[in-house]
Amino acid sequence: MKSKPTDLLAVSLYGMDGRTHKTMTLFIQGPCKGVARIVDEHEADVDIIDADAINARVTLDHCLARNPLRPIIILSLEKLKIEHTIFVEKPAKTETMLAAFKEAKDTLKGKKKKPSKLIKPEEPIRAEVKVETAKVSKLKPSKEKQAPFELATEKKVFSNPLEQKKTAKHKAAMMINEQNFSSFIGIVKGVNFNDPEQWRNASYHTKQYYQGYVQSSIQVAYEKGQVIKLNSGWKPLIILPHSHELWLDADDKQLRAFAGVEVSSVPVSDGKVMTLSKVNPKEEGFSTELDKFQEMNAFVWKLACWTSKGRYPAVLNISDPIYLKQWPNFTRLVITPHAMRIAALLVVGPRSMLDIIKVLKVKPQYVFIFVSAAYAIGILGQSKRQADQIITAEVPAIKSVQKKSLFSRILNKLRG
Amino acid sequence: MSQYKIIFTGPVGAGKTTAIGSLSDVPLMKTDEAASDMTKERKAETTVAMDYGIMNINEGEKIHLYGTPGQERFDFMWDILTVGGIGLVLLLDNSRADPFKDLQFFLKSFAGFIQETGVAIGVTQMDVSTRPTIDDYHRQLKELDMSIPVFSVDAREKKDVSILVQALMFSLDPGIDEE
Chain A
1 MKSKPTDLLA VSLYGMDGRT HKTMTLFIQG PCKGVARIVD EHEADVDIID
51 ADAINARVTL DHCLARNPLR PIIILSLEKL KIEHTIFVEK PAKTETMLAA
101 FKEAKDTLKG KKKKPSKLIK PEEPIRAEVK VETAKVSKLK PSKEKQAPFE
151 LATEKKVFSN PLEQKKTAKH KAAMMINEQN FSSFIGIVKG VNFNDPEQWR
201 NASYHTKQYY QGYVQSSIQV AYEKGQVIKL NSGWKPLIIL PHSHELWLDA
251 DDKQLRAFAG VEVSSVPVSD GKVMTLSKVN PKEEGFSTEL DKFQEMNAFV
301 WKLACWTSKG RYPAVLNISD PIYLKQWPNF TRLVITPHAM RIAALLVVGP
351 RSMLDIIKVL KVKPQYVFIF VSAAYAIGIL GQSKRQADQI ITAEVPAIKS
401 VQKKSLFSRI LNKLRG
Chain B
1 MSQYKIIFTG PVGAGKTTAI GSLSDVPLMK TDEAASDMTK ERKAETTVAM
51 DYGIMNINEG EKIHLYGTPG QERFDFMWDI LTVGGIGLVL LLDNSRADPF
101 KDLQFFLKSF AGFIQETGVA IGVTQMDVST RPTIDDYHRQ LKELDMSIPV
151 FSVDAREKKD VSILVQALMF SLDPGIDEE
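Here the protein sequences line up with chains A and B, keeping their order. 1 is the number of the first residue of the first sequence in the numbering used here; add one for each residue after it. 1 is the number of the first residue of the second sequence in the numbering used here; add one for each residue after it.
Please note: incorrect hints may appear among the correct ones.
Said to hold, decoys possible - Cross-link-like lysine-lysine pairs, in silico, DSSO-like; alpha carbons within 30 angstroms at most: (1) K224(A) / K62(B); (2) K171(A) / K90(A); (3) K62(B) / K292(A); (4) K158(B) / K363(A); (5) K361(A) / K292(A); (6) K109(A) / K229(A); (7) K404(A) / K101(B); (8) K253(A) / K158(B); (9) K171(A) / K363(A); (10) K403(A) / K62(B); (11) K384(A) / K142(B); (12) K158(B) / K413(A).
What the hints assert, rightly or not - Among the chain A residues that face chain B by a calculated CB cut under 7 angstroms, a handful are: (13) K93; (14) Y222; (15) V315; (16) N317; (17) S319; (18) R332; (19) R341; (20) A344; (21) R409; (22) K413.
Unchecked claim - One-sided excerpt, in silico: chain B residues whose CB lies under 8 angstroms from chain A: (23) L81; (24) T130; (25) D160; (26) A167.
Hints listed in this document are in silico derivations from the structure and should not be mistaken for laboratory results. Here a beta-carbon is modelled for each residue, glycine too, at the ideal position from N, C-alpha and C.
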């Protein structure tokens, strides 16, 4: 008996020429017993991508970014294992195709995925990374003259027109200077930063704050590869791992206020302080409010800044060397005082927080807040080996006084 | 008078002209050099355009901003342009078909200059095409054993371009600060 139209999976096809498209349509209608119908992209419940087509990867990225909840079936001659997709080896057989459609259907009905039970936030898993002797890496000049080369001029097949409307994601960075640091970041009580003896007490536990729950929720979202909502008793936060985005109906002022509050032990529901739930964007309706989308790292960075208030994460040791894996994307982040200097120093090689304070002659709060934010987005780590306490980066070569002064004048100009 | 310059490079359409325009204190100039064969019958004239701007940093002191010609076949000019340069700004267009190919090409082309000075990378059009992500660029650079500032940049925004050039300055010397 044929499926009713309402039972049919709505499927869109990608990477297939006219003839292949028609063949696939007949295959689905015939041997696959009409379990699905071919529709346009915006109507589909499931995407089928020919992974052997040119630009298949771009197509896949587009599908993942456009609608993370929609199942994707990948057809290929090669045995592929791509996250968040259902693989069907070519030439597609009826049984494997039907199994793929069933899996897609189950995914849509949510039968495969059980609700998450996040209660306590855990510290993010940080891989142990061996910190080698600091070295400055430079690209060696090519010895041979490079042959004339014409770079391709073509653009990508498509881009996401909605992305430009997500204005909060693409606005320029906010720069905080020393004068407005306290008013913007807030003040932490109980620590006198002018007393070096108290610096070791200037730490905080992310688990006790909204920051910890957000970071753990993000980890869950990535592990499960699905859109989830963090319910905190405050405003719901929606996490979209495929597009590295978050959605929150709150402005920075509201977020800053909530960031500094130690999370209450009063349960939100079922004895849990915060809960996670799955999200269907169509039902939630949030996907239409584009100005509330935020880039994930930018959000976590500023949340960490407002939670830290000039403290450092308690999991880190103030005396052990820390290292930066990469420069932060400063044009889209809150830039705290001396953040770029600290980043420039740390990418050269590992240093302890105490060392950075000494070398750059800056207030400890500025180093601690940078460390908190960089650690929160996973680009900063701490060495564990005793040997690394001895091995520290060489002091960067002293530039000529003339050049140093020139760079300073350029900085003055740029900061206007 | 100082002859210091900052070089802006990158593929056609990446935003070099716009970025220089965002920083320049004077209206942007396009310097045209006609490269013509001596025997006009055999070869048509070729015009090579460079973008040029000026940043006044002090009374009488200027930083020259040069944009390399967009056509990569004029790469022979790049060595000339980099003389006296204090650093390189590489702009990449994220909506191009293969930005990583562009990345590798320009890093290789300017390898000698980068080794002597430094480079900062601005990725434009990220609101048009979100992938590759900034983290993807860092993964590429890690394979090249490089740790360079890579920022998402709107070349029309002076603040973005300013932050990128500031990062270039700090990467040249973390010890500097405003005077």
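The hints, checked one at a time:
1. K224(A) / K62(B): 54 angstroms, violated
2. K171(A) / K90(A): 44 angstroms, violated
3. K62(B) / K292(A): 42 angstroms, violated
4. K158(B) / K363(A): 29 angstroms, holds
5. K361(A) / K292(A): 39 angstroms, violated
6. K109(A) / K229(A): 18 angstroms, holds
7. K404(A) / K101(B): 34 angstroms, violated
8. K253(A) / K158(B): 26 angstroms, holds
9. K171(A) / K363(A): Within the cut-off at roughly 28 angstroms; holds.
10. K403(A) / K62(B): Distance of about 14 angstroms is within 30 angstroms: holds.
11. K384(A) / K142(B): Roughly 22 angstroms between the alpha carbons, so the hint for K384(A) and K142(B) holds.
12. K158(B) / K413(A): OK: K158(B) and K413(A) at ~12 angstroms, within 30 angstroms.
13. K93: Violated - the Cβ of K93(A) stays beyond 7 angstroms from chain B, reaching only about 33 angstroms at its closest.
14. Y222: Status violated, d = 13 angstroms.
15. V315: Nearest chain B Cβ about 22 angstroms off; hint violated.
16. N317: 22 angstroms, violated
17. S319: 21 angstroms, violated
18. R332: OK, holds: R332(A) within 7 angstroms of chain B, min 5 angstroms.
19. R341: 5 angstroms, holds
20. A344: 4 angstroms, holds
21. R409: 5 angstroms, holds
22. K413: 4 angstroms, holds
23. L81: 16 angstroms, violated
24. T130: Result: holds, 6 angstroms to nearest chain A Cβ.
25. D160: 5 angstroms, holds
26. A167: 6 angstroms, holds
Against the hints set out earlier in the document, violations occur for numbers 1, 2, 3, 5, 7, 13, 14, 15, 16, 17 and 23.
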